[in-house]
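Asker: Residue numbers (this note's numbering), protein chains in the order written: chain A, 1 to 106; chain B, 1 to 154.
A few of these clues could be false.
Within a straight-line C-alpha distance of at most 20 angstroms, the following computed SDA-like cross-link-like pairs (lysine to any residue) qualify [stated by the list, open to error]: (1) B/K112 to A/S105; (2) A/K87 to B/N116; (3) B/K4 to A/D13; (4) A/K95 to B/L103; (5) B/K83 to A/F93; (6) A/K95 to B/T45; (7) A/K101 to B/E37; (8) A/K87 to B/E37; (9) B/K4 to A/D94; (10) B/K4 to A/E97; (11) A/K87 to B/K132; (12) A/K106 to B/E35; (13) B/K114 to A/T98; (14) B/K49 to B/M91; (15) B/K4 to A/M88; (16) A/K101 to B/M91; (17) B/K4 to B/D23; (18) B/K114 to A/Y103; (19) A/K87 to B/I119; (20) A/K101 to B/A34; (21) A/K104 to B/K132; (22) A/K106 to A/D94; (23) B/K6 to A/E97; (24) A/K95 to B/A9; (25) B/K46 to B/P25; (26) A/K87 to B/E21.
A short list of chain B residues far from chain A (calculated; beta carbon distances all over 10 angstroms) [what the hints assert, rightly or not]: (27) Q3; (28) L38; (29) K46; (30) K53; (31) S63; (32) R71; (33) E78; (34) I80; (35) M91; (36) T109; (37) D110; (38) D126.
Simulated from the structure, these hints should not be mistaken for laboratory data.
Using N, Cα and C, we set each Cβ at its ideal position, and we do this for glycine too.
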Amino acid sequence: METRRDIFQAIADPTRRAIISLLVLQAMTPNAVAEQFHSTRQTVSKHIQVLQECGLVTSEQKGREIFYQIHPKKLKEVDKWLEPFRKMWEDRFDKLETTMKKYKSK
Amino acid sequence: MEQKTKINAEEGKQDLVITREFDLPLELLFKAYAESELVEQWMGTKVLKLESKKHGSYQFETSHEGNVVFRANGTIHEFIPNKKITRTFEMENAPFPVQLEFLEFETITDDKSKLNIHIVYRTVADRDEVLKLPFAFGINMAHNQLQEILNKLK
Numbered sequence: 001m002e003t004r005r006d007i008f009q010a011i012a013d014p015t016r017r018a019i020i021s022l023l024v025l026q027a028m029t030p031n032a033v034a035e036q037f038h039s040t041r042q043t044v045s046k047h048i049q050v051l052q053e054c055g056l057v058t059s060e061q062k063g064r065e066i067f068y069q070i071h072p073k074k075l076k077e078v079d080k081w082l083e084p085f086r087k088m089w090e091d092r093f094d095k096l097e098t099t100m101k102k103y104k105s106k
Numbered sequence: 001m002e003q004k005t006k007i008n009a010e011e012g013k014q015d016l017v018i019t020r021e022f023d024l025p026l027e028l029l030f031k032a033y034a035e036s037e038l039v040e041q042w043m044g045t046k047v048l049k050l051e052s053k054k055h056g057s058y059q060f061e062t063s064h065e066g067n068v069v070f071r072a073n074g075t076i077h078e079f080i081p082n083k084k085i086t087r088t089f090e091m092e093n094a095p096f097p098v099q100l101e102f103l104e105f106e107t108i109t110d111d112k113s114k115l116n117i118h119i120v121y122r123t124v125a126d127r128d129e130v131l132k133l134p135f136a137f138g139i140n141m142a143h144n145q146l147q148e149i150l151n152k153l154k
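Isolated chain B, as found in the complex (with noise of 0.2 angstroms):
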């Protein structure tokens, strides 16, 4: 099956850049990333504010079993409707430093639009973190999967 999200991220760079192709229209792409109750559905987060205009922030706020896991805010320096956002993101209360995003959308056709973003870390090691990740979480899981097996034995 051909991957529709596409990464690059350049050994020793500092940035990298997502990919990815919609089955939607370019307008309903864009309208998923400005409104506040479409990024709640989409990304499974609570949104606390999200200002969609040029100097507007955002805050995200993701809670589990009453607990709050995670938290990320950031700033808006440009947001020209059905065509791009820029903006600072920053994870709060993670050792990750402040970063850039480009977001670009594109129409392909009628029906299916694209979606560029092209993110900027402070340093060339800030960027290999945040791309490890998600491998430790899985690691991780692997791991507390395989403990519960072994518990289960005992």
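Excised from the complex, chain A in its bound form (with noise of 0.2 angstroms):
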């Protein structure tokens, strides 16, 4: 599958990192992933398929099942683990922008 995204948007959203933990466990079917949460099973497909294009989750076919997995090589590339941290001084600097406005106003 063609990678148009990239890996950190995989790793920006809460539901996709406790997707990816509970992959790296162990192969699961939609179904069984779509269990573990309270989202709908659409919401948690479109989680999957995201994590998919970004190349962390590949599918096989076993059987009549399909089982996601996680695709070790590529989870290796988040080892900067980057997104989470720029993201932790986003929200610290969007907090100053609105607190120096408010200031401004007074």
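Fit the two chains together into the complex; they arrive one by one in their own frames, and the hints show the way.
Answerer: Here it is, written out as structure tokens:
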């Protein structure tokens, strides 16, 4: 599959991180993954789709079932773990901006 | 959406650069770093001490439900209003050594400004550990949420 998403998009979302942490333990069917979440199956399958587009998750047909699994090599690319760090600063700076705009208008 | 905050952390190096443009005049951006009451507001931490001057020092403390969860301190080496702050930063009760921070403030237009933070860590490994913190925290949060869901199902 063509990779058209950034791998950091994959880990930017908490649900997707939870899916990754599940699939790291074992390959799972779409239903088994969806059962772990409160969200609708559709939402979960959308998250899985993003993970597949990043090449982080691959699927394999076993009999009548499809199993999702982690593509370990791709997971290694996240080694720098940069996106959550960036997000932390982004949130912090957003707050700075809001605080100072309020301060200014006082 | 374009990312306003950029992080440049080259592989195998012990420093990193954080850049951000603000919809704020330079003076206001600088003030956000210089005055305790303002730091308290946007950092969400208590400022025990902040001496915004050369040879000054600072101390932050964050509590959650009455317990201190985070403490940090540092010394200010350079304090040039609306231009530059050079300081050290150290997390207390954490396995990370002190780090050196160069904060540079620039005007873009009358109501836009830029902040450039250059952080130098003791080793490459220290830098990489600090970079991983928010990711590890995110994973933990996801795990906790998952655990809560699983507990409810029991």
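Asker: Now tell me, hint by hint, if it's right for this structure.
Answerer: Verification of the supplied hints:
Pair hint B/K112 plus A/S105 holds up; C-alpha atoms about 16 angstroms apart against a cutoff of 20 angstroms. Using a Cα cut-off of 20 angstroms, the hinted pair A/K87 and B/N116 holds, with the two alpha carbons roughly 16 angstroms apart. Taking the CA atoms of B/K4 and A/D13, the gap is about 18 angstroms. The hint holds against a cut of 20 angstroms. Our distance criterion of 20 angstroms between C-alpha atoms is met by A/K95 and B/L103, whose separation comes to about 18 angstroms.
A threshold of 20 angstroms between alpha carbons decides the hint, and for B/K83 with A/F93 the separation of about 18 angstroms falls inside it, so the pair holds. For the hint pairing A/K95 with B/T45, the CA-to-CA distance comes to about 13 angstroms; that is within 20 angstroms, so the pair holds. A hinted pair counts as satisfied when its Cα atoms are at most 20 angstroms apart, and A/K101 with B/E37 qualifies at roughly 15 angstroms. Of the supplied pair hints, the one linking A/K87 and B/E37 is violated, its CA atoms being roughly 24 angstroms apart against a limit of 20 angstroms.
Straight-line distance between C-alpha atoms of B/K4 and A/D94 comes to about 9 angstroms, which keeps the hinted pair within the 20 angstroms bound. With a C-alpha separation of about 12 angstroms, the suggested pairing of B/K4 with A/E97 holds against the 20 angstroms cut-off. For the hint pairing A/K87 with B/K132, the CA-to-CA distance comes to about 12 angstroms; that is within 20 angstroms, so the pair holds. About 16 angstroms separates the Cα atoms of A/K106 and B/E35, which keeps this hinted pair within 20 angstroms; it holds.
Taking the CA atoms of B/K114 and A/T98, the gap is near 15 angstroms; set against the 20 angstroms cutoff, the hint holds. Of the supplied pair hints, the one linking B/K49 and B/M91 holds, its CA atoms being roughly 15 angstroms apart against a limit of 20 angstroms. Only pairs whose Cα atoms come within 20 angstroms are accepted, and B/K4 paired with A/M88 is accepted, the gap being roughly 12 angstroms. With a CA separation close to 29 angstroms, the supplied pair A/K101 and B/M91 exceeds the 20 angstroms bound.
For the proposed pair B/K4 and B/D23, the alpha carbon gap of about 11 angstroms is at most 20 angstroms, so the pair holds. Under the criterion of a C-alpha separation no larger than 20 angstroms, the hint pairing B/K114 with A/Y103 is consistent with the structure, at around 19 angstroms. A distance of roughly 17 angstroms separates the Cα atoms of A/K87 and B/I119; the hinted pair therefore holds under the 20 angstroms criterion. Among the hinted pairs, A/K101 with B/A34 is consistent with the structure: their alpha-carbon atoms are about 16 angstroms apart, no more than 20 angstroms.
Distance restraint check for A/K104 and B/K132: the Cα-Cα separation of roughly 35 angstroms exceeds the 20 angstroms cut-off, and the hinted pair is therefore not satisfied. About 19 angstroms separates the Cα atoms of A/K106 and A/D94, which keeps this hinted pair within 20 angstroms; it holds. Taken as a hint, the B/K6 and A/E97 pair is honoured in the structure, with Cα atoms around 16 angstroms apart against an allowance of 20 angstroms. With a CA separation close to 23 angstroms, the supplied pair A/K95 and B/A9 exceeds the 20 angstroms bound.
Distance restraint check for B/K46 and B/P25: the Cα-Cα separation of roughly 25 angstroms exceeds the 20 angstroms cut-off, and the hinted pair is therefore not satisfied. Proximity of A/K87 to B/E21 is assessed by CA-CA distance (about 15 angstroms); at most 20 angstroms being required, the pair is judged to hold. Distance to chain A contradicts B/Q3 as a non-interface residue, since its nearest Cβ pair spans about 7 angstroms, not more than 10 angstroms. Against chain A, the non-interface label of B/L38 is violated: not every CB pair exceeds 10 angstroms, the least being about 6 angstroms.
The claim that B/K46 lies off the interface holds: its Cβ sits roughly 15 angstroms from the closest Cβ of chain A, which is beyond the 10 angstroms cut-off. Every Cβ of chain A is farther than 10 angstroms from the Cβ of B/K53; the closest lies at roughly 21 angstroms, confirming the non-interface assignment. Taking the minimum C-beta to C-beta distance to chain A, about 18 angstroms, the non-interface status of B/S63 holds against the 10 angstroms cut. For B/R71, the non-interface assignment is confirmed: its Cβ lies about 18 angstroms from the closest Cβ of chain A, beyond the 10 angstroms cut-off.
The claim that B/E78 lies off the interface holds: its Cβ sits roughly 21 angstroms from the closest Cβ of chain A, which is beyond the 10 angstroms cut-off. Against the 10 angstroms criterion, B/I80 stays outside the reach of chain A, whose nearest CB is about 19 angstroms from its own CB. Interface exclusion of B/M91 from chain A stands, the closest Cβ pair being 14 angstroms apart, more than 10 angstroms. Annotated as non-interface, B/T109 keeps its C-beta farther than 10 angstroms from every C-beta of chain A; the closest such distance is 15 angstroms.
In this structure B/D110 is separated from chain A by more than 10 angstroms, as the shortest Cβ-Cβ distance comes to about 13 angstroms. Against chain A, the non-interface label of B/D126 holds: every CB pair exceeds 10 angstroms, the least being about 14 angstroms.
Going down the numbered hints, you'll see the structure goes against 8, 16, 21, 24, 25, 27 and 28, while the others check out.
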